[in-house]
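Asks: Now for the letters of each chain:
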Amino acid sequence: MEMRFEKSSFGKRLSSMLKVDFCRMFTTRFLYIMVGICLVMPILILVMTTMMDGSVTVDPQTGVETVMEGFDNTWQAIGTVSSETNPMAMGLTTMCNINMLYFFIAVLVGVFVADDFRSGYAKNIFTVRAKKTDYVISKTVTCFVGCALMFLGFFVGTVLGGAIAGLPFDTGSAGIAGVVMCMLSKLGMVAVFVGMDFAASAAAKGRTWMSIVISMVAAMLLYMMVPMITPLDSGIVNVIGCFVAGGIVCVGLGAVSNAILKKTSLV
Amino acid sequence: MNAIEIRGLTKNFGSKQALKGLNMTVPAGAIYGFIGENGSGKSTTEKLICGLMPSNGGTIKLYGKDYTDPDVRARIGVLIEAPGCFPNMSVWGNMMLQAANLGLKKPEEEIGKVLKLVRMEGAASNKFKNCSLGMKQRIGIAMALLGDPALLVLDEPINGLDADGMRIMREVLTDITKDKNRTVLISSHILGELEKIATHYGIVRGGRMIKEMTAEELDAGCRTYIYLQAAERNRAKALLSCKYARVEEDESDYIRVYDEARAEEIVSYLYESGITVSEIGTSKIGLEEYYMDLMHEKEVR
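Order-wise, the sequence lines are chains A and B. If you're matching positions, the first sequence starts at 10 in our numbering and goes up one per residue. If you're matching positions, the second sequence starts at -16 in our numbering and goes up one per residue.
No wet-lab data here; the hints were simulated from the structure. All C-beta atoms, glycine included, are put in the ideal place defined by N, C-alpha and C. Wrong hints could be hidden among the right ones.
In silico SDA-like pairs for lysine to any residue, Cα to Cα no more than 25 angstroms straight-line [to be verified]: (1) Lys272(A) - Lys110(B); (2) Lys110(B) - Tyr41(A); (3) Lys141(A) - Glu15(A); (4) Lys28(A) - Ile263(B); (5) Lys194(B) - Glu139(B); (6) Lys88(B) - Thr37(A); (7) Lys(-1)(B) - Thr37(A).
Covered stretches of chain B (in silico footprint by chain A; criterion: 3 or more residues with CB under 8 angstroms from a CB of chain A, positions within the stretch not fixed) [unchecked claim]: (8) 51 to 57; (9) 61 to 73; (10) 76 to 82; (11) 200 to 212.
Using the sequences and the accompanying hints, generate a full structural model.
Replies: What follows is the structure, encoded as structure tokens:
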């Protein structure tokens, strides 16, 4: 009995894998919940901090007074200009901004990848796909798009939150172009975190908690660098730099993920 | 051509050696019954064939090509342990996902066809988590059948099913094994069911293949025995045991004589001792007994 097997190109394999992943990403509620959280979060942050701006709290033990400082400008929820960026500052405005989403990426990627292994769907995928590269590329691209939507959600939420709270939209020295470049740079950094978190998920497989913990620890190490690399007055150099870094991390850690999937049990 | 050719396959789980140089040959178009005790290495072998875990040594060839060849692997259908479906998604949704994974051109048409084959066309809109075990297994088979696989790997598809589920599954398995271009590797503990469909058998024990044979070879290798019912069963058994080497009693209270003997000889022997035989006949041992005999033989050795 002679069997003939149809040749399948890399492009064909990748497009079918992408179709599966996009279908899964956009037909499950999880992505919309995450985007919804990202949309609502800046509205709550901006409105609440504006309401509490200037209020004084006194520690009954020590008698120390703390003055609550809110956001001066809507764009502070996105970033600060490079001259004002202090990576070691631990204030409310420097912590409660769009950079928090880099931790959320860990949750989205972790749950999305772990679902394949927990449900057993990985068996269906890897039986018919000898090349793990298809899976690695497709998952990285899909997660990047999902996370980009979360960032877009936060941006829209920031604009709405700023309008509701009555905060100024003055872009100052950054200008509109700076804000756009800052967002693009942050998207470049999304690729860095997605690459990192996917590698953690590939190692953890069905153990969502493990993937999220590893990703969170890794995110903490990079977290302080993000405001410096992506200030509000970012330029094209920042954008290119962030995307190049994202590409390098995705390719490098993608190769690591590929090796992990090849060398370990998938069931 | 062989659909599967395995030589010297080894797999270790820590210090435990699950496969110890397993050899296996599955001819193309065969329905290969893969038999063995729990922990003998059946599932591990199947997972290795499907590329779901790396081996520690040996070679696996599928249709003459290395098992990592993407074009060959694209034509494998698999149901290992439980079907890989998303519980909150509908049966149809899960099937569509697998159809996309396989890059099928007419997914709706193909899904409809395989769901009909497994008698699940009415349950397409059900959520997977709401399906019974039998339904889930049939959905798993339907998924494995998508894309017209050249090789189908089914790991214990009958286990855990109730009588009705088993009956439907038997019909499904009979239908899907009608296609002579398809090779089916099926492992099961329910040997009586397997015997009805398999054309080839492989018996594995302790990570090694101890016997491979065709259904014809099994038939030829299965010894005949004489079964009988006598008035004084215990005395008849004791008397027969004195004359013949292997005399047993089965679960239906029949006495079985496995030695080369003729029925007339037994009847007259017992008659001389004052025992009347009410019923006597000859039969052949089935796969289950053959397997038990083989296991017993290996244990004694």
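Asks: Check the structure against each numbered hint from earlier and tell me which ones fail, lowest number first.
Replies: Hints 1, 4, 7, 11 are the ones this structure does not satisfy, whereas the remaining hints hold.
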